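Listed below, chain by chain, are the residues.
Protein chains: 2
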Amino acid sequence: RKRILITGGAGFVGSHLVDRLMADGHEVTVVDNFFTGRKRNVEHWIGHQNFEMINHDVVNPLMIEVDQIYHLACPASPPHYMYNPIKTIKTSSIGTLNMLGLARRVKARLLLASTSEVYGDPEEHPQNEEYWGHVNPIGPRACYDEGKRVAETMCYAYAKQENVEVRVARIFNTFGPRMHMNDGRVVSNFIIQSLKGEPITVYGSGKQSRSFQYVSDLVAGLIALMNSDISSPVNLGNPEEHTIMEFAQIIKDKIGADNEIINVDAAQDDPQRRKPDITKAKTLLHWEPVVPLSDGLGKTIDYFREEVKLLQ
Amino acid sequence: RKRILITGGAGFVGSHLVDRLMADGHEVTVVDNFFTGRKRNVEHWIGHQNFEMINHDVVNPLMIEVDQIYHLACPASPPHYMYNPIKTIKTSSIGTLNMLGLARRVKARLLLASTSEVYGDPEEHPQNEEYWGHVNPIGPRACYDEGKRVAETMCYAYAKQENVEVRVARIFNTFGPRMHMNDGRVVSNFIIQSLKGEPITVYGSGKQSRSFQYVSDLVAGLIALMNSDISSPVNLGNPEEHTIMEFAQIIKDKIGADNEIINVDAAQDDPQRRKPDITKAKTLLHWEPVVPLSDGLGKTIDYFREEVKLLQ
Ligand SMILES: NC(=O)c1ccc[n+]([C@@H]2O[C@H](COP(=O)([O-])OP(=O)(O)OC[C@H]3O[C@@H](n4cnc5c(N)ncnc54)[C@H](O)[C@@H]3O)[C@@H](O)[C@H]2O)c1
Ligand SMILES: NC(=O)c1ccc[n+]([C@@H]2O[C@H](COP(=O)([O-])OP(=O)(O)OC[C@H]3O[C@@H](n4cnc5c(N)ncnc54)[C@H](O)[C@@H]3O)[C@@H](O)[C@H]2O)c1
Ligand SMILES: O=c1ccn([C@@H]2O[C@H](COP(=O)(O)OP(=O)(O)O)[C@@H](O)[C@H]2O)c(=O)[nH]1
Ligand SMILES: O=c1ccn([C@@H]2O[C@H](COP(=O)(O)OP(=O)(O)O)[C@@H](O)[C@H]2O)c(=O)[nH]1
Ligand SMILES: O=c1ccn([C@@H]2O[C@H](COP(=O)(O)OP(=O)(O)O)[C@@H](O)[C@H]2O)c(=O)[nH]1
Ligand SMILES: O=c1ccn([C@@H]2O[C@H](COP(=O)(O)OP(=O)(O)O)[C@@H](O)[C@H]2O)c(=O)[nH]1
Numbered sequence: 001r002k003r004i005l006i007t008g009g010a011g012f013v014g015s016h017l018v019d020r021l022m023a024d025g026h027e028v029t030v031v032d033n034f035f036t037g038r039k040r041n042v043e044h045w046i047g048h049q050n051f052e053m054i055n056h057d058v059v060n061p062l063m064i065e066v067d068q069i070y071h072l073a074c075p076a077s078p079p080h081y082m083y084n085p086i087k088t089i090k091t092s093s094i095g096t097l098n099m100l101g102l103a104r105r106v107k108a109r110l111l112l113a114s115t116s117e118v119y120g121d122p123e124e125h126p127q128n129e130e131y132w133g134h135v136n137p138i139g140p141r142a143c144y145d146e147g148k149r150v151a152e153t154m155c156y157a158y159a160k161q162e163n164v165e166v167r168v169a170r171i172f173n174t175f176g177p178r179m180h181m182n183d184g185r186v187v188s189n190f191i192i193q194s195l196k197g198e199p200i201t202v203y204g205s206g207k208q209s210r211s212f213q214y215v216s217d218l219v220a221g222l223i224a225l226m227n228s229d230i231s232s233p234v235n236l237g238n239p240e241e242h243t244i245m246e247f248a249q250i251i252k253d254k255i256g257a258d259n260e261i262i263n264v265d266a267a268q269d270d271p272q273r274r275k276p277d278i279t280k281a282k283t284l285l286h287w288e289p290v291v292p293l294s295d296g297l298g299k300t301i302d303y304f305r306e307e308v309k310l311l312q
Numbered sequence: 001r002k003r004i005l006i007t008g009g010a011g012f013v014g015s016h017l018v019d020r021l022m023a024d025g026h027e028v029t030v031v032d033n034f035f036t037g038r039k040r041n042v043e044h045w046i047g048h049q050n051f052e053m054i055n056h057d058v059v060n061p062l063m064i065e066v067d068q069i070y071h072l073a074c075p076a077s078p079p080h081y082m083y084n085p086i087k088t089i090k091t092s093s094i095g096t097l098n099m100l101g102l103a104r105r106v107k108a109r110l111l112l113a114s115t116s117e118v119y120g121d122p123e124e125h126p127q128n129e130e131y132w133g134h135v136n137p138i139g140p141r142a143c144y145d146e147g148k149r150v151a152e153t154m155c156y157a158y159a160k161q162e163n164v165e166v167r168v169a170r171i172f173n174t175f176g177p178r179m180h181m182n183d184g185r186v187v188s189n190f191i192i193q194s195l196k197g198e199p200i201t202v203y204g205s206g207k208q209s210r211s212f213q214y215v216s217d218l219v220a221g222l223i224a225l226m227n228s229d230i231s232s233p234v235n236l237g238n239p240e241e242h243t244i245m246e247f248a249q250i251i252k253d254k255i256g257a258d259n260e261i262i263n264v265d266a267a268q269d270d271p272q273r274r275k276p277d278i279t280k281a282k283t284l285l286h287w288e289p290v291v292p293l294s295d296g297l298g299k300t301i302d303y304f305r306e307e308v309k310l311l312q
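Residue numbers (this note's numbering), protein chains in the order written: chain A, 1 to 312; chain B, 1 to 312.
A hint or two may mislead.
Claimed, not checked - Below, in silico cross-link-like pairs of lysine-lysine (DSS-like), each with a Cα-Cα straight-line distance of 30 angstroms or less:
id, chain 1, residue 1, chain 2, residue 2
1, B, 39, B, 2
2, B, 107, B, 87
3, A, 39, A, 2
4, B, 160, A, 87
5, B, 87, A, 87
6, B, 107, B, 280
7, A, 39, A, 107
8, B, 299, B, 252
9, B, 107, A, 87
10, A, 39, A, 87
11, B, 87, A, 107
12, A, 39, A, 309
13, A, 196, A, 299
14, A, 107, A, 87
15, A, 160, B, 87
Keep in mind that the hints were calculated from the coordinates and are not lab data. Predicted model only: the values in this text are computed from it and were never measured.
Model the full structure from these sequences, guided by the hints.
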């Protein structure tokens with residue numbers, strides 16, 4: 001039984017991680033500023049003796065006593081992180097420094113929720129952990145991509161110089177219930193559009209690809225990584241790759257909708273291909289995704305069906 | 001006549017910039033924590049009515065009133081920036097945020113001293129400003145490279161969101177008098193070794209290349225860029241490229257030394273080639289380097305000859 005801090009714990013991924021760690025009997029503290037997270041995502045734990053929720057911005061120092069830190073606080077969807085680029089970059093840089101300072105002081109282990117975006121618009125395919133990436137340092141996505149890259153750099157600086165135990169998860173596209181209605185990422189957009197009978201908006205040609213993992217697989221991977229002795233970065237993602245156009249069709253079919261698929265303007269610097277090489281996670285963590293895309297989509301569609309109803 | 005702040009103004013490049021701006025009649029304030037800089041470099045201005053020296057670390061907020069900020073504060077030589085990676089990354093990230101906050105408040109224009117290291121170990125040659133770079137986010141140089149990349153990202157976030165006027169100089173290898181004796185960079189090392197009759201230490205094969213500019217050329221470029229209307233990044237460097245082995249020979253010959261050249265261990269992640277494409281600076285700033293390598297080396301050797309004598 002451990003004292004575990006989850007920054008960003010009221011968000012999509014964080015709240016599922018809370019559920020798993022609470023179910024495992026740990027003491028869980030969530031720190032969140034509710035920028036994209038919602039109390040609703042963790043409200044079922046409020047009042048539980050092992051659970052605490054702190055309304056706090058990680059850009060400010062935090063003094064608590066914990067054994068492990070899952071550092072997830074950061075807006076994750078392009079419209080959210082581009083909404084206030086200065087805030088995004090402060091969250092990743094100062095926020096991560098603060099959490100590393102905390103980890104150092106209390107000798108906690110810190111896991112950084114990094115991202116496949118550190119590989120940028122990759123020139124190697126699939127991406128393994130040795131790849132240095134192809135990122136535009138001054139493009140519209142830079143506040144997020146470079147923020148996460150420098151957060152990784154900071155982790156290894158504290159690891160080397162201050163013996164902080166760090167874990168770095170490079171998370172690939174993840175979906176599931178509790179994604180924000182206005183999240184703006186592809187899965188939620190396409191599902192909501194299909195449920196509402198609105199046109200599915202494919203940005204650009206739709207030939208760009210992504211690989212989508214269901215959130216419960218990610219949560220299992222994060223916990224396995226945290227409790228492993230692998231301090232170097234590890235990809236966590238589902239290697240099943242689809243083009244965005246295929247994905248639009250899959251979602252439409254699954255919902256049985258008859259809305260049209262339209263092509264709108266391409267997003268600037270949109271990565272053209274993305275697929276994790278998960279050899280490292282398989283070999284060293286004995287982890288791999290187990291939820292089939294169709295099952296994950298089913299659960300996510302059920303969730304959004306309720307959300308859309310609530311709105312109406 | 002302007003009120004000009006130079007962070008890192010007691011360092012190698014900064015002190016030459018001070019000289020030029022003081023000679024032009026500006027009010028110059030230097031902010032430096034003397035990590036690698038020295039009072040000696042600017043002592044000839046101390047007491048002058050237009051000059052002020054503040055002993056301050058840019059990692060802490062700074063409240064002053066100025067029109068222009070040349071933001072140079074950051075250790076620049078590999079041994080110096082690797083000495084305390086956490087401090088290096090804090091200086092580039094928090095330090096740059098503070099100077100951007102200052103620029104925003106007082107509506108000053110900020111020029112960031114960025115670096116060719118944002119291109120990393122480049123896969124394009126020569127490097128122009130469109131190239132996204134090839135940088136290891138978790139390697140030994142990352143505290144510097146990723147620090148500068150994120151500093152650029154921050155500049156453009158403040159430019160876009162807060163209308164801060166930014167200028168970004170991507171500076172290529174520069175040399176000249178006032179380089180620190182223990183700087184550890186190649187020019188000072190080879191000159192000092194030749195003057196002392198010690199072996200010249202070539203790291204690795206010596207086939208890796210660099211392009212060296214003399215400091216007065218750089219200073220002219222920085223001032224031209226600051227006062228231009230080019231807000232996108234601009235390379236400042238001398239496109240004359242030499243291998244490190246050639247360079248060892250050139251310096252040895254220039255000094256007329258008969259010390260030997262030895263190959264020692266290669267540095268990790270050492271960029272293999274580096275040469276600026278300066279089309280942009282030529283076209284838009286009408287700037288290009290004018291000091292021949294041999295003249296620049298002559299002045300630098302004279303300087304180190306005195307320094308070595310002082311030590312003896
Ligand atoms: N979901 C994915 O596909 C994906 C992919 C790669 C990486 N990630 C990473 O996983 C983490 C969680 O992503 P998510 O999809 O759950 O996103 P999310 O937006 O749902 O969750 C982020 C949470 O962090 C909180 N937050 C943001 N800034 C904060 C600050 N300054 N202080 C305190 N809290 C703050 C938000 O309120 C929110 O609760 C992020 O770090 C993200 O970069 C996610
Ligand atoms: N000289 C080059 O070849 C070269 C190449 C590319 C970029 N640059 C950039 O130009 C700038 C100047 O480089 P330089 O060669 O003069 O190096 P330098 O080490 O001589 O000068 C850096 C100065 O910054 C000061 N400083 C460092 N950390 C500070 C902090 N936290 N607060 C306040 N002051 C601090 C140092 O004391 C020093 O005076 C640096 O930003 C460097 O990254 C230099
Ligand atoms: O329990 C702690 C300890 C440190 N910090 C912050 O973490 C950052 C980095 O800490 P570090 O130990 O590197 O030290 P400092 O910068 O304070 O010297 C600083 O901004 C601290 O305020 C924190 O938020 N909680
Ligand atoms: O309504 C949408 C939202 C996204 N996308 C595309 O879907 C892919 C994944 O985008 P998302 O924002 O989900 O995540 P990313 O992987 O780009 O961070 C990208 O190629 C987007 O251009 C799309 O075609 N339509
Ligand atoms: O004159 C100033 C104004 C701001 N800052 C610092 O610059 C950073 C970024 O400032 P910003 O305006 O973005 O605001 P803040 O983070 O204070 O909201 C902050 O840490 C401020 O303390 C500074 O050093 N000098
Ligand atoms: O004593 C030395 C110092 C540097 N170098 C090499 O010279 C080049 C330039 O190194 P420096 O540290 O001056 O600057 P960098 O461009 O790598 O930041 C690199 O390939 C170094 O490995 C060398 O061979 N001997």
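Outcome of the hint check:
1. B:39 / B:2: holds (23 angstroms)
2. B:107 / B:87: With Cα atoms ~28 angstroms apart, residue 107 (chain B) and residue 87 (chain B) stay inside 30 angstroms; holds.
3. A:39 / A:2: This hinted pair holds, its Cα atoms lying about 23 angstroms apart.
4. B:160 / A:87: Measuring from Cα to Cα gives roughly 13 angstroms; hence the hint holds.
5. B:87 / A:87: Holds, because 22 angstroms separates the two Cα atoms, which is no more than 30 angstroms.
6. B:107 / B:280: holds (27 angstroms)
7. A:39 / A:107: The hint holds at about 29 angstroms.
8. B:299 / B:252: Between residue 299 (chain B) and residue 252 (chain B) the Cα gap is close to 15 angstroms, so the pair holds against 30 angstroms.
9. B:107 / A:87: With a Cα-Cα distance of about 20 angstroms, the restraint between residue 107 (chain B) and residue 87 (chain A) holds, given a limit of 30 angstroms.
10. A:39 / A:87: Given pair residue 39 (chain A), residue 87 (chain A) holds - Cα atoms ~21 angstroms apart, limit 30 angstroms.
11. B:87 / A:107: Measuring from Cα to Cα gives roughly 20 angstroms; hence the hint holds.
12. A:39 / A:309: holds (20 angstroms)
13. A:196 / A:299: With a Cα-Cα distance of about 17 angstroms, the restraint between residue 196 (chain A) and residue 299 (chain A) holds, given a limit of 30 angstroms.
14. A:107 / A:87: It holds: about 28 angstroms lies between the C-alpha atoms, which stays within 30 angstroms.
15. A:160 / B:87: With Cα atoms ~13 angstroms apart, residue 160 (chain A) and residue 87 (chain B) stay inside 30 angstroms; holds.
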